[in-house]
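Enquirer: As they're listed, the protein sequences go chains A and B.
Numbering that gives the first Met the number 0 puts the first sequence at residues 0 to 323.
Numbering that gives the first Met the number 0 puts the second sequence at residues 0 to 323.
For the record, the hints were derived by calculation from the structure and aren't laboratory data.
Since the model is a prediction, treat every value here as computed from it, not as a measurement.
There's no promise every hint is true.
If chains are identical, the list can't say which one is meant, so a pair holds when it fits in one copy or spans any two.
Below are the DSBU-like pairs computed for lysine-lysine, each with C-alpha atoms no more than 30 Å apart in a straight line [what the hints assert, rightly or not]:
(1) 134 / 307
(2) 278 / 118
(3) 232 / 20
(4) 195 / 118
(5) 249 / 278
(6) 195 / 20
Number of protein chains: 2
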Amino acid sequence: MFSLSQLANTYQQFHDTSGIKGAPIELYAPVNYIMSLGGKRARPVLCLAANDMFNGDLQQALPLAYAIELFHNFTLVHDDIMDQAPLRRGQHTVHKEYGTARAILSGDVMMIHVYEYFKHLPDAAYRQVISVFNKAAIEVCEGQQMDMNFEDRQTVSLNEYLQMISYKTAVLLGASLQIGAIAAGASLTDQQLLYKVGVDTGVAFQIQDDILDSFGDEASFGKSIGGDIRQNKKTCLLIRALELATGDDKAQLESYITNNDIDPEEKVAAVKQLYLKLKVVDAAEAMRLEYHKGALDALHSLSLSADKIEPLENYINSLLQRQV
Amino acid sequence: MFSLSQLANTYQQFHDTSGIKGAPIELYAPVNYIMSLGGKRARPVLCLAANDMFNGDLQQALPLAYAIELFHNFTLVHDDIMDQAPLRRGQHTVHKEYGTARAILSGDVMMIHVYEYFKHLPDAAYRQVISVFNKAAIEVCEGQQMDMNFEDRQTVSLNEYLQMISYKTAVLLGASLQIGAIAAGASLTDQQLLYKVGVDTGVAFQIQDDILDSFGDEASFGKSIGGDIRQNKKTCLLIRALELATGDDKAQLESYITNNDIDPEEKVAAVKQLYLKLKVVDAAEAMRLEYHKGALDALHSLSLSADKIEPLENYINSLLQRQV
Chain A
0 MFSLSQLANT YQQFHDTSGI KGAPIELYAP VNYIMSLGGK RARPVLCLAA
50 NDMFNGDLQQ ALPLAYAIEL FHNFTLVHDD IMDQAPLRRG QHTVHKEYGT
100 ARAILSGDVM MIHVYEYFKH LPDAAYRQVI SVFNKAAIEV CEGQQMDMNF
150 EDRQTVSLNE YLQMISYKTA VLLGASLQIG AIAAGASLTD QQLLYKVGVD
200 TGVAFQIQDD ILDSFGDEAS FGKSIGGDIR QNKKTCLLIR ALELATGDDK
250 AQLESYITNN DIDPEEKVAA VKQLYLKLKV VDAAEAMRLE YHKGALDALH
300 SLSLSADKIE PLENYINSLL QRQV
Chain B
0 MFSLSQLANT YQQFHDTSGI KGAPIELYAP VNYIMSLGGK RARPVLCLAA
50 NDMFNGDLQQ ALPLAYAIEL FHNFTLVHDD IMDQAPLRRG QHTVHKEYGT
100 ARAILSGDVM MIHVYEYFKH LPDAAYRQVI SVFNKAAIEV CEGQQMDMNF
150 EDRQTVSLNE YLQMISYKTA VLLGASLQIG AIAAGASLTD QQLLYKVGVD
200 TGVAFQIQDD ILDSFGDEAS FGKSIGGDIR QNKKTCLLIR ALELATGDDK
250 AQLESYITNN DIDPEEKVAA VKQLYLKLKV VDAAEAMRLE YHKGALDALH
300 SLSLSADKIE PLENYINSLL QRQV
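With these hints in hand, go ahead and build the complete structure from the sequences.
Expert: This is the structure we're talking about:
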């Protein structure tokens with residue numbers, strides 16, 4: 000078995016030497032630009048870790064890991080156009096750098112190229128990987144649409160929120176693990192357990208992200224604190240607060256959401272106070288722990304010895320223990 | 000064997016009852032909107048005709064024909080955003096009707112759904128179809144980028160133009176025929192001949208479209224005449240004219256291209272006169288006939304009797320004999 004840092008290093012080497020070569024350059028330069036912007040590479044590492052747990056062939060798994068990262072980056076390119084985001088990882092987004100038309104088209108060609116990286120698989124695995132990938136990819140689009148819908152809605156239920164983050168973010172982590180496991184010949188039961196490990200980890204991560212966006216440490220979180228509150232984003236904190244608040248608290252919360260004249264810093268501080276008073280941070284933290292536990296329980300149900308599970312367990316714990 | 004009108008009718012029935020059902024509705028309404036706007040359905044008909052020539056199972060070929068039409072419509076949705084086109088087939092384009100964000104995302108989910116319609120194929124055909132489809136789909140994106148590049152360039156060679164229209168338009172016609180043939184178990188030689196039939200037909204069709212845009216009959220062509228000339232579009236006529244013109248003709252042609260103050264109707268009339276004087280219409284017509292002949296020669300090289308070939312031959316001739 001490889002350690003996770005070995006897998007991460009091997010992946011990064013493969014990534015850095017796997018730029019898509021093609022013409023015209025105007026189409027492929029944006030592809031290689033977004034792929035070189037960096038990031039945690041969590042999805043490829045999960046794919047390789049799952050593959051390695053079941054004694055898969057690393058060389059066969061690397062193109063699959065790359066395909067998933069290519070898909071993830073395609074979604075970033077198109078999402079950034081939809082969100083009109085100017086920056087991604089401190090650099091220009093693709094549409095800012097190359098214009099919207101090229102960003103759309105480069106994203107499209109990335110999406111098609113994804114399937115090219117599955118070709119080396121034997122027949123049964125080829126079919127299963129495309130099936131698992133396609134389901135997740137469709138759900139990612141559906142999750143993005145749900146997220147856009149939420150912006151226009153007055154209220155969103157916690158269940159709707161959980162489905163949205165599951166589709167938009169978590170299912171691709173599940174698919175990353177399952178695809179790695181398929182390539183290694185794992186049983187369907189083990190594949191499905193790993194899928195659940197990924198989905199629960201993804202949901203827990205997103206809940207944590209909601210908490211950190213309001214209560215994190217700016218330096219370690221890597222973006223400015225309070226952005227979700229300033230934009231009235233329907234996070235699990237706001238959804239729960241709107242459900243729980245009564246009387247003056249409710250009136251105050253609603254006035255902060257609807258009144259655009261309030262000083263942003265005053266708004267962030269006041270809404271955070273309300274969140275603490277209503278104990279929605281505690282509730283979110285409990286929910287985060289529940290999903291974290293769900294992931295670990297599924298992991299420990301795999302037909303594998305503890306030493307095989309340990310690296311992935313450590314990785315999940317490191318993802319989910321960013322300091323609040 | 001079925002007649003082409005039987006295949007077209009059967010396809011349209013399948014098409015009309017195959018809308019993608021999914022949630023959220025905001026994501027799938029634009030998909031079903033563009034798919035219901037109509038069109039010739041040339042690609043699905045070609046796919047079914049090729050399948051039927053080799054005694055394929057119509058029920059197995061219908062989802063493949065639908066997948067290709069789905070892909071084609073996905074490219075229309077995204078191309079219309081890139082071209083900022085307000086109308087498509089007399090109706091709002093998807094981004095005009097639903098906004099750019101939903102048009103991008105709906106296009107993306109169409110693209111992923113394409114692969115779902117290949118799933119029923121047996122292993123070998125499944126792989127071959129995805130391989131042929133992916134190559135064409137990637138080339139369609141590359142062709143669209145070439146087309147966008149040409150707008151910013153001073154000169155384009157005839158060979159560059161032919162590669163662009165081949166990629167942007169023709170390869171998908173070739174792939175439609177080849178995919179139908181794969182599903183019917185045709186030999187690789189026959190598959191490749193049919194691919195050439197489609198590509199040559201597509202190139203001939205596009206050259207014809209360039210001629211009709213300047214010299215067609217407005218009523219039968221279906222759009223206003225002279226649009227390419229007004230927009231300085233680098234058609235095979237303009238490219239050839241810029242190569243052939245000398246002296247005053249060259250100066251006049253270049254002034255029409257660079258001078259935005261000229262009355263559009265005067266410009267269209269004068270450039271058409273120059274095209275006739277330089278005999279570029281005759282040259283384009285000769286090129287169109289050459290590709291038309293290439294398609295028919297490849298068709299007659301198939302390992303099939305004349306009666307099997309006849310319906311597709313008639314269809315190609317009908318596509319390529321729109322009146323100038």
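Enquirer: Now, for every hint given, state plainly whether the structure supports it.
Expert: Structure-based check of all given hints:
{"no.": "1", "hint": "134 / 307", "result": "within (28 Å within a copy, 40 Å between copies)"}
{"no.": "2", "hint": "278 / 118", "result": "neither (51 Å within a copy, 49 Å between copies)"}
{"no.": "3", "hint": "232 / 20", "result": "between (39 Å within a copy, 29 Å between copies)"}
{"no.": "4", "hint": "195 / 118", "result": "both (26 Å within a copy, 24 Å between copies)"}
{"no.": "5", "hint": "249 / 278", "result": "within (14 Å within a copy, 78 Å between copies)"}
{"no.": "6", "hint": "195 / 20", "result": "between (35 Å within a copy, 26 Å between copies)"}
In this structure, the one hint that does not hold is number 2.
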